[in-house]
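Visitor: Sequence:
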Amino acid sequence: MPGKLADCQERDPALSELFIVEGDSAGGSAKQGRARKNQAILPLRGKILNVEKARFDKMLSSQEIRLLITALGAGVGKDDKDLSKLRYHTIILMCDADVDGAHIRTLLLTFFYRHYQEIIDAGHLFIAQPPLYRVKRGRAQQYLKDEPALEDYLIELGAGDLTLRGQGAPALSGTPLKQFVKKAMVLERVLDIFERKGRNRHVLTALARQPTMGAGALATEDHLREIITAAEAYLRAAAPETLPVSFSFEEDREHACVRLVASTRANGTAQRSVIDRELCLTPEFEELRRLARDLAAAGEPPFLLGESDAGEPVHNLPATVARIMAQARKGLEIQRYKGLGEMNPTQLWETTMSPESRTLLQVKIEDGYEADEIFSTLMGDEVEPRRKFIEANALNVRNLDI
1 MPGKLADCQE RDPALSELFI VEGDSAGGSA KQGRARKNQA ILPLRGKILN
51 VEKARFDKML SSQEIRLLIT ALGAGVGKDD KDLSKLRYHT IILMCDADVD
101 GAHIRTLLLT FFYRHYQEII DAGHLFIAQP PLYRVKRGRA QQYLKDEPAL
151 EDYLIELGAG DLTLRGQGAP ALSGTPLKQF VKKAMVLERV LDIFERKGRN
201 RHVLTALARQ PTMGAGALAT EDHLREIITA AEAYLRAAAP ETLPVSFSFE
251 EDREHACVRL VASTRANGTA QRSVIDRELC LTPEFEELRR LARDLAAAGE
301 PPFLLGESDA GEPVHNLPAT VARIMAQARK GLEIQRYKGL GEMNPTQLWE
351 TTMSPESRTL LQVKIEDGYE ADEIFSTLMG DEVEPRRKFI EANALNVRNL
401 DI
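Numbering-wise (our numbering), the sequence shown opens with residue 1 and increments by one.
Hints are computed from structural coordinates only; laboratory data are not their basis. The C-beta atom is built at its ideal place from N, Cα and C for all residues, glycine as well. Among these hints, one or two may not hold up.
As the list claims (entries may be wrong) - Ranges of calculated distance between the beta carbons of each label pair, as one might list FRET restraints: (1) P345 <-> P170: 50 to 58 Å; (2) E312 <-> S357: 38 to 46 Å; (3) L281 <-> A14: 51 to 59 Å.
Unchecked claim - Straight-line C-alpha distance at most 25 Å; calculated DSS-like pairs for lysine-lysine: (4) K85 <-> K37; (5) K81 <-> K4; (6) K338 <-> K4; (7) K364 <-> K78; (8) K47 <-> K338; (9) K364 <-> K85; (10) K47 <-> K145; (11) K364 <-> K81; (12) K136 <-> K338; (13) K178 <-> K136; (14) K31 <-> K47; (15) K330 <-> K145; (16) K85 <-> K4; (17) K53 <-> K364; (18) K53 <-> K78; (19) K4 <-> K37; (20) K183 <-> K197; (21) K4 <-> K31; (22) K145 <-> K178; (23) K330 <-> K182.
Using the sequences plus the hints, can you model the full thing?
Guide: Here you go:
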């Protein structure tokens, strides 16, 4: 057996588990915290070879890949592979809960998909769900899987006793307020995408709130002028620091319509935000419009937020979210695990390894053709298809490392 492998006592593969662990540090904690009777631990160092790009002989020359193949015990390659010799029928990928961990997990999934698809088809491959956060309030503590889980926890805590009052709309509290805050946070992430592409987030929000704003609104300047008037009123109330904004029109001959151009200045730097037909037809802009309209139902800023009937004024959505998050964090200790190795053996067992408390995701292939395309796109040599895939799925992820 490979030197790094801490094998289990059980010899029946149906009762044996193999944890493939990211890093020696986490491997050490896992070895101490495991159930030695039926849980084996194989630590792998760093990011393993991307087998999508490697020839078979190069793959076999990789030390980490050889360790993994030896631990599985079933050989590799069409002439030497014998799945009846597989030593574990529960194989668990246990990587850090951050972006690097996701990359390593993808490399491992690529390896299993390309060389051990039979293991996946037999239902033997799983993904562990270690927590990314531990939150502690007084003596009570709770583990949270990822950023969305932390957000939900903080929203529940921060918005619980508060009421939000917008101009000309019913007050929000309880579940409606929590849903409002969640949508506001998603809106900010969508705006981050546009801001990275050089567009002003406040101008886009002001325009997207208008019910008739879309590709059809670019047909005539007259229609756009009505939208601009309403958008300017919103900016005066919610983002006065954006003013002045100069709106102008450009002809779009290709689509027989106009482009709307918003010129602003931030920290002395001029910014030119172009709103054209192509932008209005993107999934991101459609999502922005939907969220902005839903949030507009809470009324116009400034808002009043507090436990009392009066509350304190907040001038826009980001300030509202920030106030609620600050309320939630009072008296709260939040620990973010940089890696599995930061957890002691007992914590790792309780959160990630114990059959009584852990959560495992079973790896399944529902569409072989689509799976093949995804692995080729994400892990292959071609950069352009990967870029397009990432852009097309940008709304489906929270943290993206490009």
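Visitor: So, for every hint listed, does it hold in this structure?
Guide: Here is what the structure says about each hint:
| no. | hint | in the structure |
| --- | --- | --- |
| 1 | P345 <-> P170: 50 to 58 Å | holds, 52 Å |
| 2 | E312 <-> S357: 38 to 46 Å | holds, 41 Å |
| 3 | L281 <-> A14: 51 to 59 Å | holds, 53 Å |
| 4 | K85 <-> K37 | holds, 20 Å |
| 5 | K81 <-> K4 | holds, 22 Å |
| 6 | K338 <-> K4 | holds, 23 Å |
| 7 | K364 <-> K78 | holds, 22 Å |
| 8 | K47 <-> K338 | holds, 16 Å |
| 9 | K364 <-> K85 | holds, 22 Å |
| 10 | K47 <-> K145 | holds, 22 Å |
| 11 | K364 <-> K81 | holds, 21 Å |
| 12 | K136 <-> K338 | holds, 17 Å |
| 13 | K178 <-> K136 | holds, 21 Å |
| 14 | K31 <-> K47 | holds, 20 Å |
| 15 | K330 <-> K145 | holds, 21 Å |
| 16 | K85 <-> K4 | holds, 20 Å |
| 17 | K53 <-> K364 | holds, 23 Å |
| 18 | K53 <-> K78 | holds, 19 Å |
| 19 | K4 <-> K37 | holds, 18 Å |
| 20 | K183 <-> K197 | holds, 22 Å |
| 21 | K4 <-> K31 | holds, 11 Å |
| 22 | K145 <-> K178 | holds, 20 Å |
| 23 | K330 <-> K182 | holds, 19 Å |
Hint violations for this structure: none, all hints satisfied.
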